[in-house]
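Given next are the chains, with one letter for each unit.
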Amino acid sequence: MNIPSSIWTLLVGIVVTIVSLWYGQNHGLLPTPASDEAELVDGLFNAMLTISTGLFLIVEGALIYSAIRYRRRPGDDSDGSPIFGNIPLEILWTAVPAIIVIGIAIYSFDVYNSIGGFSPHSVHDAPIEEQAVRMPGAAIAATLSDTSPNTDSNLNQEKSDAAMQDPATAAVRNADQIPQRQNAPGVGVVSPTIGASPDKEGTPPALTVNVTGLQYAWIFTYPDTGITTGELHVPVGREVQISMTANDVIHAFWVPELRLKQDAIPGRQSEIRFTPKTVGEYKLICAELCGPYHGAMNTQFVIETPEAFEQWQKEQQVASLDLQQLVAVNSADLSPAEFLAPYVSDLGIQPEMLHQVHHTHH
Amino acid sequence: MTQAQLQEGANISALSEEPGGRKWRDYFSFNTDHKVIGIQYLVTTFIFYCIGGVLADLVRTELKTPETDFVSPEVYNSLFTLHATIMIFLWIVPAGAGFANYLIPLMIGAKDMAFPRLNAVAFWMIPPAGLLLISSLLIGDAPDAGWTSYPPLSLVTGQVGEAIWIMSVLLLGTSSILGAINFLVTIWKMRIPGMTVNQMPLFCWSMIATSAITLLSTPVLAGALILLAFDLLAGTTFFNPTGGGDPIVYQHMFWFYSHPAVYIMILPFFGLISEILPVHARKPVFGYQAIAYSSLAISFLGLIVWAHHMFTSGIPGWLRMFFMITTMIIAVPTGIKVFSWVATVWGGKLRLNSAMLFAMGFVGTFVIGGISGVMLAAVPFDIHVHDTYFVVAHLHYVLFGGSVLGIYAGFYHWFPKMTGRMLNEFWGKVHFALTIVGLNMTFLPMHKLGMMGMNRRIAVYDPKFETLNFICTMGSYLLAVSTFPFIINAIWSWMYGPKAANNPWQALTLEWMTTSPPAIENFDKLPVLATGPYDYGMSNGDNKEVENVPFSDEKEPALAAGPNSALRADPDPKVAANPEDRK
Ligand code: HEM
Ligand SMILES: [Cu+2]
Ligand SMILES: [Cu+2]
Chain A
1 MNIPSSIWTL
11 LVGIVVTIVS
21 LWYGQNHGLL
31 PTPASDEAEL
41 VDGLFNAMLT
51 ISTGLFLIVE
61 GALIYSAIRY
71 RRRPGDDSDG
81 SPIFGNIPLE
91 ILWTAVPAII
101 VIGIAIYSFD
111 VYNSIGGFSP
121 HSVHDAPIEE
131 QAVRMPGAAI
141 AATLSDTSPN
151 TDSNLNQEKS
161 DAAMQDPATA
171 AVRNADQIPQ
181 RQNAPGVGVV
191 SPTIGASPDK
201 EGTPPALTVN
211 VTGLQYAWIF
221 TYPDTGITTG
231 ELHVPVGREV
241 QISMTANDVI
251 HAFWVPELRL
261 KQDAIPGRQS
271 EIRFTPKTVG
281 EYKLICAELC
291 GPYHGAMNTQ
301 FVIETPEAFE
311 QWQKEQQVAS
321 LDLQQLVAVN
331 SADLSPAEFL
341 APYVSDLGIQ
351 PEMLHQVHHT
361 HH
Chain B
1 MTQAQLQEGA
11 NISALSEEPG
21 GRKWRDYFSF
31 NTDHKVIGIQ
41 YLVTTFIFYC
51 IGGVLADLVR
61 TELKTPETDF
71 VSPEVYNSLF
81 TLHATIMIFL
91 WIVPAGAGFA
101 NYLIPLMIGA
111 KDMAFPRLNA
121 VAFWMIPPAG
131 LLLISSLLIG
141 DAPDAGWTSY
151 PPLSLVTGQV
161 GEAIWIMSVL
171 LLGTSSILGA
181 INFLVTIWKM
191 RIPGMTVNQM
201 PLFCWSMIAT
211 SAITLLSTPV
221 LAGALILLAF
231 DLLAGTTFFN
241 PTGGGDPIVY
251 QHMFWFYSHP
261 AVYIMILPFF
271 GLISEILPVH
281 ARKPVFGYQA
291 IAYSSLAISF
301 LGLIVWAHHM
311 FTSGIPGWLR
321 MFFMITTMII
331 AVPTGIKVFS
341 WVATVWGGKL
351 RLNSAMLFAM
361 GFVGTFVIGG
371 ISGVMLAAVP
381 FDIHVHDTYF
391 VVAHLHYVLF
401 GGSVLGIYAG
411 FYHWFPKMTG
421 RMLNEFWGKV
431 HFALTIVGLN
441 MTFLPMHKLG
451 MMGMNRRIAV
461 YDPKFETLNF
471 ICTMGSYLLA
481 VSTFPFIINA
491 IWSWMYGPKA
501 ANNPWQALTL
511 EWMTTSPPAI
521 ENFDKLPVLA
531 TGPYDYGMSN
541 GDNKEVENVP
551 FSDEKEPALA
561 AGPNSALRAD
571 PDPKVAANPE
581 DRK
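Listed in order, the protein sequences are those of chains A and B.
Read in order, the letters of the first sequence are residues 1 to 362 in the UniProt record's numbering.
Read in order, the letters of the second sequence are residues 1 to 583 in the UniProt record's numbering.
I should point out that these hints are in silico values taken from the structure, not numbers from a laboratory.
No experiment lies behind these values; they were computed from the predicted model shown.
Where a beta carbon is used, it is the ideal one built from N, C-alpha and C, also for glycine.
Here are the in silico distance ranges between beta carbons for each label pair: (1) B:W318 <-> A:D199: 16 to 26 Å; (2) B:T61 <-> A:E60: 26 to 36 Å; (3) A:E39 <-> B:P219: 44 to 54 Å.
Build out the structure end to end from the sequences listed, making use of the hints.
Shown next, in the form of structure tokens:
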């Protein structure tokens, strides 16, 4: 094999490195990071993009270089030199990607831990060994069954009950109609979580918001203040916990600026915690296909100063009182469309969408 | 003597004037010749590709502007659901089986597949399944819950369409299981004596890996779909939360198949590329064993990564980490392949014809999809981009930039063998140029769209994304245009193209050692191996001494004895390795 002289290799290496480092920092591919978590995720992405750019340039460069340099010249019918392999080279290019992915994995692990991926609820509440030992019958069969004689308290149910304590949440959620999932043996609580970051472990969040997804709207209830709204407002700099579930099909809570996404699943309580960082108005998007109007299922997500947030809360409390009464009269067996009707202007849903809900509702 | 002359000299081409499929009617019948079946597969799936492509362009037309102004949101959902289902289950997966059907018996010197009738059965499940699926569009109740068909959504959208979708996918899954059994038995049992596993063409290795995952994972999909059908039609609540069912269990079962399925969709074409690059680079494939075993590694690892599709749905923290790590490890065998291909090309004498261009384009574009795949494996980043256009971009770089370019490379490379005619090179290159430009124009901007906040499967989007979407849409029209030179070239050349020699590329694998197109039972006599499958360049057109033969120090027949050559193996008493001895 014609390995180019080492000077050229060095030069190309330097150029590739510089370009990659530059592009990894200046790609402009991500929106504003609006939470502490977002900064961490962006750091990881920039690192991955730097390495990726390098790899990309090397592979594409080698291919294009070969296509030009080694193309067959007219009249030359000979073959290239018979090289079947090169053990040191092969070890090298097995080892290098292996080291790279180990590095990325460790970095990801660290970021994941820092944003609260390992919040204690999902791990410590159901240690595998303990569960497995107590399991009657074959271990495999037991893991498949969720009606095992497990008398442990069910965290998912507890969280649902806790959320339903809030009358505003109870009015918009249909948890009473959808049985809550049990803890899965050996897997722990079934509710997926991005919990408190390690430094905030054990402290309750500054603000809790219950989020309910339904075709095709998000409804936010604030248990501390009894507010029900169609927009999510949070104060900057205070840790927020979102507790979500869905009333009908799976939806997904996504704010690109937070870099956080979590499915809202009927029958399960899922949580994310984050600390808003940058004041502004963003879009909160439903990211999981939930029906024909999925694309229109989005709303405002506002990070505001604590003063503005107080102010907003006051306004909402007045408005919510009316809504509470409305809901209290006819909550339980309304279809989402009927239920949503009074909120239409509030939620920013177009009337034809609601009309559609009537028709597609099962 | 060159290796090709040596190999051809050792094998007398079949005398028969009659190719496998004689009349056009053979191709519409329950023919059991593997070559007829292979072509049936390829042509049928290509027709589905065109239908899937039209649907894609309808989707993109809707996405040209932020509003829904082209089709209704319901129809939009049906369009992308059918687009994806057709592309995956009726194009990429069966097209791989088509090449395998055509090539495997020829490559291993067999007369046919192990179970010819089963083979025909497997093929003949595909057209009805496809027609069934498309009929749903005509009766106005097409499935619209996405090709993943997650409950509870799939249980509350149109019932008829969903039932049709399940039925059709079940049929297609059955077909691919039958095919997989056939490939495994054929490769394992029907190689000519003297061809050890380490002398098989690499395509055979990739089909072993593919068939293994097909057999292990497809039944799980069938299980999921049958349970889903019960929920849908009989009111059970396996996955329906209103009765206490668990929609996440469906996701596990679905992805237990569908993640490995992406390897079912790409491994065969990894194999094809490993065949095509050395022939046109005129160099041995670099790292035969590394490429062969990495296919197996990919297929094994592919079975334990499924939950990376569920990082944002419902799995606990430590499981996310487990699946992140297994997923990232796949980058290693995949990387080995990519680097080996690049090294195969490096220092060769590249014949940059259409087949080679598509093969190199495959490597170049697949790399982008592979890199974004590693990024997606990183849980914190995946949480951000899951279910966005970043994923749409990633999957198309893999499936279009990978699988589809691989199929095209294969079409151009084996067309002379299949039809006995040469394709027009000029139009082939036009096809290549349009495809590469269109492909990148369509899918590259989608990376940015996804990261900035455009979620997938939406008919309306934020107006700030309009420009990039417009570029994507124009790119998709270019892609549609790019297929015309190919279709016209293929049809015209099939009828009037210049006659192809038996071995127009001076290749060494056995399929080239028979007539073009091959006769009914492929070979008149049992073929023999005079060289390994990739022993290019061991003698450079003349008999001057061979330098630089790394693994062999013999001089004659060192000419023929690359590391994968039968001549290097212990002589098999049943087969005379030396052609002179056979006469
Ligand atoms: C002909 C060029 C193609 C174009 C323009 C195209 C376009 C698109 C677009 C715009 C989407 C997103 C739809 C949405 O999220 O609303 C999509 C989805 C998809 N496409 Fe393609 N595509 C093409 C070829 C292919 C090929 C060759 C495959 C091969 C398997 C494929 C497989 C898929 C899959 C699996 C999805 C995901 C659908 C979903 O989210 O349910 N596409 N395509
Ligand atoms: Cu939704
Ligand atoms: Cu949605």
